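Number of protein chains: 2
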Amino acid sequence: MEECPDQYFSSYEDLDAGAKKVYAVEASNIADLAKEVVKENKLDHIIEVIKEKVEDIKIPKVDAIVSEWMGFYLLHEGMLDSVIYARENFLKDDGEMFPESATIFVAPCSIPSLYNNWNNVHGVSLKCFAKELRATKNLRPEIVEVKPEDLLGEEIAYCWVNMREDTAEDLNEFTLKHVVGASKNGNYQGLCVWFECNFPQLPDGTGDGRVVLDTSPKSALTHWKQTVIVLPHEQDVEEGEPIAFELNMSRDPTSSRRYNIQLSMLSPEDVDHPLPCSCHFTKCILTKAVLAQHAERALIENKMDDEKVGIIMDEPIDDDDDDS
Amino acid sequence: MEECPDQYFSSYEDLDAGAKKVYAVEASNIADLAKEVVKENKLDHIIEVIKEKVEDIKIPKVDAIVSEWMGFYLLHEGMLDSVIYARENFLKDDGEMFPESATIFVAPCSIPSLYNNWNNVHGVSLKCFAKELRATKNLRPEIVEVKPEDLLGEEIAYCWVNMREDTAEDLNEFTLKHVVGASKNGNYQGLCVWFECNFPQLPDGTGDGRVVLDTSPKSALTHWKQTVIVLPHEQDVEEGEPIAFELNMSRDPTSSRRYNIQLSMLSPEDVDHPLPCSCHFTKCILTKAVLAQHAERALIENKMDDEKVGIIMDEPIDDDDDDS
Numbered sequence: 001m002e003e004c005p006d007q008y009f010s011s012y013e014d015l016d017a018g019a020k021k022v023y024a025v026e027a028s029n030i031a032d033l034a035k036e037v038v039k040e041n042k043l044d045h046i047i048e049v050i051k052e053k054v055e056d057i058k059i060p061k062v063d064a065i066v067s068e069w070m071g072f073y074l075l076h077e078g079m080l081d082s083v084i085y086a087r088e089n090f091l092k093d094d095g096e097m098f099p100e101s102a103t104i105f106v107a108p109c110s111i112p113s114l115y116n117n118w119n120n121v122h123g124v125s126l127k128c129f130a131k132e133l134r135a136t137k138n139l140r141p142e143i144v145e146v147k148p149e150d151l152l153g154e155e156i157a158y159c160w161v162n163m164r165e166d167t168a169e170d171l172n173e174f175t176l177k178h179v180v181g182a183s184k185n186g187n188y189q190g191l192c193v194w195f196e197c198n199f200p201q202l203p204d205g206t207g208d209g210r211v212v213l214d215t216s217p218k219s220a221l222t223h224w225k226q227t228v229i230v231l232p233h234e235q236d237v238e239e240g241e242p243i244a245f246e247l248n249m250s251r252d253p254t255s256s257r258r259y260n261i262q263l264s265m266l267s268p269e270d271v272d273h274p275l276p277c278s279c280h281f282t283k284c285i286l287t288k289a290v291l292a293q294h295a296e297r298a299l300i301e302n303k304m305d306d307e308k309v310g311i312i313m314d315e316p317i318d319d320d321d322d323d324s
Numbered sequence: 001m002e003e004c005p006d007q008y009f010s011s012y013e014d015l016d017a018g019a020k021k022v023y024a025v026e027a028s029n030i031a032d033l034a035k036e037v038v039k040e041n042k043l044d045h046i047i048e049v050i051k052e053k054v055e056d057i058k059i060p061k062v063d064a065i066v067s068e069w070m071g072f073y074l075l076h077e078g079m080l081d082s083v084i085y086a087r088e089n090f091l092k093d094d095g096e097m098f099p100e101s102a103t104i105f106v107a108p109c110s111i112p113s114l115y116n117n118w119n120n121v122h123g124v125s126l127k128c129f130a131k132e133l134r135a136t137k138n139l140r141p142e143i144v145e146v147k148p149e150d151l152l153g154e155e156i157a158y159c160w161v162n163m164r165e166d167t168a169e170d171l172n173e174f175t176l177k178h179v180v181g182a183s184k185n186g187n188y189q190g191l192c193v194w195f196e197c198n199f200p201q202l203p204d205g206t207g208d209g210r211v212v213l214d215t216s217p218k219s220a221l222t223h224w225k226q227t228v229i230v231l232p233h234e235q236d237v238e239e240g241e242p243i244a245f246e247l248n249m250s251r252d253p254t255s256s257r258r259y260n261i262q263l264s265m266l267s268p269e270d271v272d273h274p275l276p277c278s279c280h281f282t283k284c285i286l287t288k289a290v291l292a293q294h295a296e297r298a299l300i301e302n303k304m305d306d307e308k309v310g311i312i313m314d315e316p317i318d319d320d321d322d323d324s
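Chains C and X are the protein sequences, given in the same order.
If you count the first sequence from 1, position 92 lands on 92 in UniProt numbering, and the numbers rise without skipping.
If you count the second sequence from 1, position 57 lands on 57 in UniProt numbering, and the numbers rise without skipping.
Rather than coming from a laboratory, the hints here were simulated on the basis of the structure.
Any given hint might turn out to be false.
[To be verified] Some chain C residues judged to face chain X by a derived CB distance under 8 Å, without partners named:
| hint | residue |
| --- | --- |
| 1 | Leu33 |
| 2 | Glu36 |
| 3 | Val124 |
| 4 | Leu126 |
| 5 | Lys127 |
| 6 | Cys128 |
| 7 | Glu132 |
Predicted, not measured: the structure shown is a model, and the values here were computed from it.
No residue lacks a Cβ here, since even glycine has one placed at the ideal position from N, Cα and C.
Next up, chain C with everything else stripped away, as it sits in the complex (with noise of 0.2 Å):
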């Protein structure tokens, strides 16, 4: 919960029967709380609620951090740096930190509540509205709902955090070029951005299988929702057109803890596609072509029927050539 204490540091023997010592450290008023909390639950001989900023205390190194820093879009207004510098300072060396890794997805997708919802409410087409209200949402990307059969393409990993080395500087821009082949005919008004993060296996290896926050529209829906990116002007598309974009973030100078979008539409021959690629230009439907060839051949040569074969290229073809 957001009203609780953000950080949590805890030196442990068993995770999972129970903490010897949580550190809990929350540079707001709402540390009185937590430590009424603390008391109600008989928990103050364990949790020690320490009312400051993680940067100005003083503790034991402890075996784990755990804390609720993500942001909508998972670096919106983030508390991502505090927890840098509290790995940094009172992580073990063998320490984990939960989550351990967070990756951004982006999509291409419709977005009906600022488009198609208006063109007709009730029998009145209200299409000038959604123009104005369209234009209040060009400053920041628009937190909605993203209903999985809105997006209009295979989603792509924008960027991945790795909370346990990444420093603060490694996080402060992201930028990629990409090519997505429509999944189907559609109104292409947005990119779709959401976030997944994964947390580590308990130590005693209970639980089963992976630990995941997964924010994506195709799963169930959580505070954050998705956050949409809006187009000025939507753009019909046809089921295989490629639909190529950059997108940039990157921390804000005057306030670190925010970043500013920007999004650039980009014409699909100028962008590498990727390998293999979903869009039907003619290069890109051949290569997919041979590359299925390939891995069938490989597999019958080495005789590996029971083993997927990934083929692994390093160069992206260079496709000049647009056949749409």
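With the hints as your guide, set chain X onto chain C.
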């Protein structure tokens, strides 16, 4: 929709087939957008958007006034006074008001989102947090979704607003003393307030029966949800236990669009019980039985077997006997 002009005045021969002339009155800048919407829908020969307060305009008398003036719990920051001004100045004698009446209902309830939900949050007791949370709700009623199963007694009509006749002065103050028997064992934590609005039948007799906007917990959720007045301390009640209260709503002297609300818990012995009363006081149980007997006897004696008989008594019984 709230974004659209709040008040429409229409002159029609056949509302169902379309009004001849509509005056849409809206003082804020949203009127400019309304003008665009009218154009977009090619209705500018019928709808005239007037960007002024209704108190400042001059238009001919109209056949109908349509207005979405309802605030939370009906009266909160509503536009009712302006609608009454419009009726008194611009409605023909045989004109129609949409809606034509509204009723506020109240019933005792549980509020899990402010009480019981915090007793065990993934194994953690957060009662002290819930107490702080409730303390922030003492100054204003809370807008929440109340589930039908959280109602703890039958609702009573708190007040009835007649849009055809009531003056602004008629709405200055409402007050009600009431007793209701708890419909089941539970935690009495607040008073649930909601409203319904009734609309006139269309003049050509179309439409199937009453047209009602119902914001009851038993109906589909609306923008208004329900309003709860939170008790500072919860009270365990048993089925049949009388719950007595006095509820007063009066205009804020400094802002006539706001109401001050006062809820007083009363001793059930100090309040006249309704007839019949659902509580388990001996007098109420006996009176209920006597009323039922009377009704049966009247049916037999008057051979009115096919008609229902209502017993009306002028004087409430004086119930000063508590057998709970």
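These are the hints, each one checked on the structure:
{"no.": "1", "hint": "Leu33", "verdict": "6 Å, holds"}
{"no.": "2", "hint": "Glu36", "verdict": "4 Å, holds"}
{"no.": "3", "hint": "Val124", "verdict": "6 Å, holds"}
{"no.": "4", "hint": "Leu126", "verdict": "6 Å, holds"}
{"no.": "5", "hint": "Lys127", "verdict": "6 Å, holds"}
{"no.": "6", "hint": "Cys128", "verdict": "4 Å, holds"}
{"no.": "7", "hint": "Glu132", "verdict": "6 Å, holds"}
Of the numbered hints stated above, none is contradicted by the structure.
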